[in-house]
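A.B. asks: Read top to bottom, the protein sequences are chains F and U.
So the first sequence is numbered by our numbering: it starts at 12 and just counts up by one.
So the second sequence is numbered by our numbering: it starts at 25 and just counts up by one.
If you're looking for bench data, these hints aren't it; they were derived computationally from the structure.
In this text, all values refer to a predicted model and were calculated from it rather than measured experimentally.
Each hint should be verified, as a subset may be incorrect.
[What the hints assert, rightly or not] To be clear about the criterion: a stretch of chain U counts as covered by chain F if any three or more of its residues have a C-beta under 8 Å from a C-beta of chain F, and this derived list gives those stretches:
#1 63–71
#2 646–657
[What the hints assert, rightly or not] Each pair of labels, with its calculated beta carbon distance range:
#3 A144(F) with I751(U): 30 to 36 Å
#4 E174(U) with D26(F): 54 to 60 Å
#5 V669(U) with R15(F): 56 to 62 Å
#6 D591(U) with R15(F): 41 to 47 Å
#7 D140(F) with E174(U): 21 to 27 Å
#8 G53(F) with A175(U): 33 to 39 Å
#9 E684(U) with D140(F): 33 to 39 Å
We treat Cβ as the ideally placed atom computed from N, Cα and C, and that holds for glycine.
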Amino acid sequence: METRLSINGDTHMLDADPRTTLLDALRNHLGLTGSKKGCDHGQCGACTVLIDGRRINSCLTLACMHDGQEITTIEGLGEPGNLSPLQAAFVRHDGYQCGYCTPGQICSATAMLKEAEQGWPSYVSDDLDGAPALDGEEISERMSGNLCRCGAYSNIVDAITQVVGERA
Amino acid sequence: MTNSLTMDTPAERRRLDEMHQGLVGEPLDRPDGPLKVSGRATYAHEWNLEDTAYGVLVRATIAKGKAAIANRAEIEAMDGVLTVLTDNRFLRNPAQGTAGEAPVQSGLDVEYFGQPVALVVAETFEQARHAAQAVIFDGEAEADVPFDPEAVDPEEQEDETVDQGDLDAAMREAAHSIDAVYRTAGHAAAAMEPHCSIASWDGDELTLRGSYQMLKYNVAELADALGIDEDKVRILSPFVGGGFGSKLGISPEAVSAAIAAKALGRPVVVNMARQQVFDAILRRSETRQHVRLAADEDGRLTGIGHEALVSNAPGEEFAEPVTQSTHFLYAGESRKLGLSIARIHRTPAGSVRAPGEAVGMPVLECAMDELAEAAAIDPVELRKRNIPERHPEEDIPFSSRKYVEALDEGARRFGWDKRNRHPGGLVEGEWLIGHGMAGASRVNMLNAAEARVTLSADGHATVETDMTDIGTGTYAILSQVAGEMLGLPIDKVETKLGDSSFPKGPGSGGSWGASSSGSAVFLACEEIRKAICERLDCEESDLTLKDGTATAGNRSLPLADLLGGDDLVGEGKIEPGKTGEECAQATYGAYFCEVAVNRYTGETRVRRMTGVFGAGRILNRKTATSQCLGGITWGIGMALTEELVHDPRDGHIVNRDLAEYHVPVNLDVPQIDIVLLDERDDAASPIQAKGIGELGLCGAAGAVANAIYNATGIRVRNFPITLDKLIGELPGS
Ligand code: FES
Ligand code: FES
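Let the hints inform the model, and build the full structure from the sequences given.
C.D. replies: Given below as structure tokens:
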């Protein structure tokens, strides 16, 4: 089945089985292995990518459903020598260990910052209106869809906090 | 030139402290970081070899018996299917850590529900998955198979037994005593990267790109399983997406991928689904632990009992060494320690991060908390009173031990003097607040390791070893050791890992990776320093290497000039020796924890946690801190949520995915405060370093449990402490 995928600004024509998830299309067909497969069931967040700027578990959606949408993967956020602010902050704060959850964490955090800017409340927000201040607890809650078995959470929060501070 | 050292005498000359580059210990960023954060690090599945076929394993759905595929022809005729493989060489379960030989290979003979018994290979992953799901077995299931570890006659592990003095008498005569049975649930390592292998053959030579922790053993295991020579097997694991023991030994996907690739004459990738990882990768055994503590009026221990029951499948030697640190952590004349193993048909058990102490230490530390309560002594003080002069069973001295320092520093930072002293008595709205602490201890081991260091003519160095970096920071620390010894800035050193064609490292396991491979690199660099001295015609003690310049006396020369176009190669080799037997080596620490327990729902939130650790010389404060953060996070999981649940009818793991097996998420973990104590352990290694990868976990759950007791007055002796175990007894409920 033919799908036109726009990924990190490049157009790819994918001709794949309609059962192919977006994650498997990226990894097995397009050589974009930065998005990880930790569970294949929407339980871990390792496969998080951005679709039109919003975070999504790419294992839970089929590639053929995204014809024409703007997909951003970890490879599109930055590269060695030209890292995004979040990517650089993860390095500086050791916001990872094995690194397998990391692309998902960073894609997720990238979208999360925007969600907060747009005033989306979270489970721990005191107030449903107004822009929530991203303190440690807000960041932790909003990042709780991304598991890290290495247990880098404290450092992940520190990394994101640094970027929040730089933006303020 | 190989510089070999057997660790027979303590390394009293602390050579790393004499160096001038100032790299070792520094909290440098990981050199592999930019690749990881940009999605460019190549984990096992990520090599995209041309013409790769996809294999999907199929699990047995009986617990014991003979499996047979009922619809093989139908499966083979499905779209894209290339082959349906069953083979007597298929592994029943992964090899145990450091086995160096194939584990049980049982083909279609099933010994636990979920055992991988067949591999379906197809052109695409979607086709292979679909076909694998369509396989029907008409296996014969045997009846009367034991699944419950507490319902069978266990085998005693004789070599784990200690019976010293008279514990029964000590208990009778004690002013204060504790006699309690604790239970801990089975755990899954649940490394975030599932087990995956890509096998490709070139004639009779196999290359396996896999996710493995211990390549020198894995090569031997894979070769043995396939019945080929070790020198025909090469394994590549430059990046490993977490291991925690689960990737110590070669596992079913590797062998099946190799067999399929050979049969099809093309590369085959087998990536285990998350559920298959739960089913077929070695779990941590559940435990039942009987603890007895006898103490005098002042809380000084006169006796310790710690007897544990664990389980494993028939034929597996591994038994979770629950009492490993109980042997030496606390004094007490009368001692009764034991370990029994129940043979049952659940998923086989093996090493999961900190085997032994991970579950043994929290229980010992809860019992100590019970004793502190009974004797009305500060739990910190109780521990300090019971630190033995010499190993209480073997009567040998201890090497460097920072237990007291960890307890004191932790208490100070945490504000232990301001803790709640009335269990159940500190209320904040709907939350009951409690404070608890626990000690940390983990045996320290060194493992044989080799490394090669090349100082190139242009003045940069390359470290090569088949050691792995499973998130532990190996890329960083080995570069730091080499840069320190050779006087090179960090960007002039590159470390290459995870290729079995490199000199044999110790593997990542048992917390020995950093100290063992770091020592091998250190020794290799000593060899290069010697060669530099020859060129400079100076004594080694007069040589200073810093920032790429060699200085001896009043002569100073850039390394590139000194090398004059030559490369210098040094090889180092470390082996454990007498210091490992003549003194008791371990790492120590302490945890302090504040929890809030909801007085209506019983939900526990960890609000604060401090961990203080002494693990010898710290090679990189940043990555070492991360190891401790990870360990404590595991401790929180073990205390509150992690539990493998087995179906009593067939033993299968009911919660076999990450939605049902609850590892801590970000909001479950507070910003943890970690302190690394300054320490040198001369007996441990020539670089005075000890292991740190597991220490953070070895008692952590005990601190959480003790804090829950302090918050609620409820002593739960059954981990994890889920809310159902609290809710009926909450104060005022
Ligand atoms: S792989 Fe998609 S959520 Fe885990
Ligand atoms: S860094 Fe290993 S799982 Fe997060």
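A.B. asks: Count the residues of the segment 63–71 of chain U whose CB lies closer than 8 Å to any CB of chain F, then report whether that count reaches three.
C.D. replies: holds (count 7)
A.B. asks: Kindly confirm whether 33 to 39 Å is satisfied by the beta carbon distance between E684(U) and D140(F).
C.D. replies: Holds - the Cβ-Cβ distance for E684(U) and D140(F), about 36 Å, lies within 33 to 39 Å.
A.B. asks: Taking the Cβ atom of E174(U) and the Cβ atom of D26(F), is their distance within the range 54 to 60 Å?
C.D. replies: holds, 56 Å
A.B. asks: Could you check the hint for me, namely that D591(U) and R15(F) are 41 to 47 Å apart, CB to CB?
C.D. replies: Cβ of D591(U) to Cβ of R15(F): about 51 Å, so the range 41 to 47 Å is violated.
A.B. asks: For the pair A144(F) and I751(U), does the Cβ-Cβ distance stay inside 30 to 36 Å?
C.D. replies: Roughly 34 Å apart at Cβ, these two residues keep to the hinted range, so it holds.
A.B. asks: Check the following: the C-beta atoms of D140(F) and E174(U) are separated by a distance inside 21 to 27 Å.
C.D. replies: Hint violated: Cβ distance 55 Å, outside 21 to 27 Å.
A.B. asks: Do three or more residues from the segment 646–657 of chain U put their C-beta atoms closer than 8 Å to C-beta atoms of chain F?
C.D. replies: Holds, because 10 residues of the segment 646–657 of chain U bring their Cβ atoms closer than 8 Å to Cβ atoms of chain F.
A.B. asks: If I claimed the Cβ atoms of V669(U) and R15(F) lie 56 to 62 Å apart, would that claim hold in this structure?
C.D. replies: violated, 45 Å
A.B. asks: Verify the CB-CB distance for G53(F) and A175(U) against the hinted window 33 to 39 Å.
C.D. replies: The hinted range 33 to 39 Å holds for G53(F) and A175(U), with Cβ atoms some 37 Å apart.
The structure is inconsistent with the numbered hints 5, 6, 7, although it conforms to all the rest.
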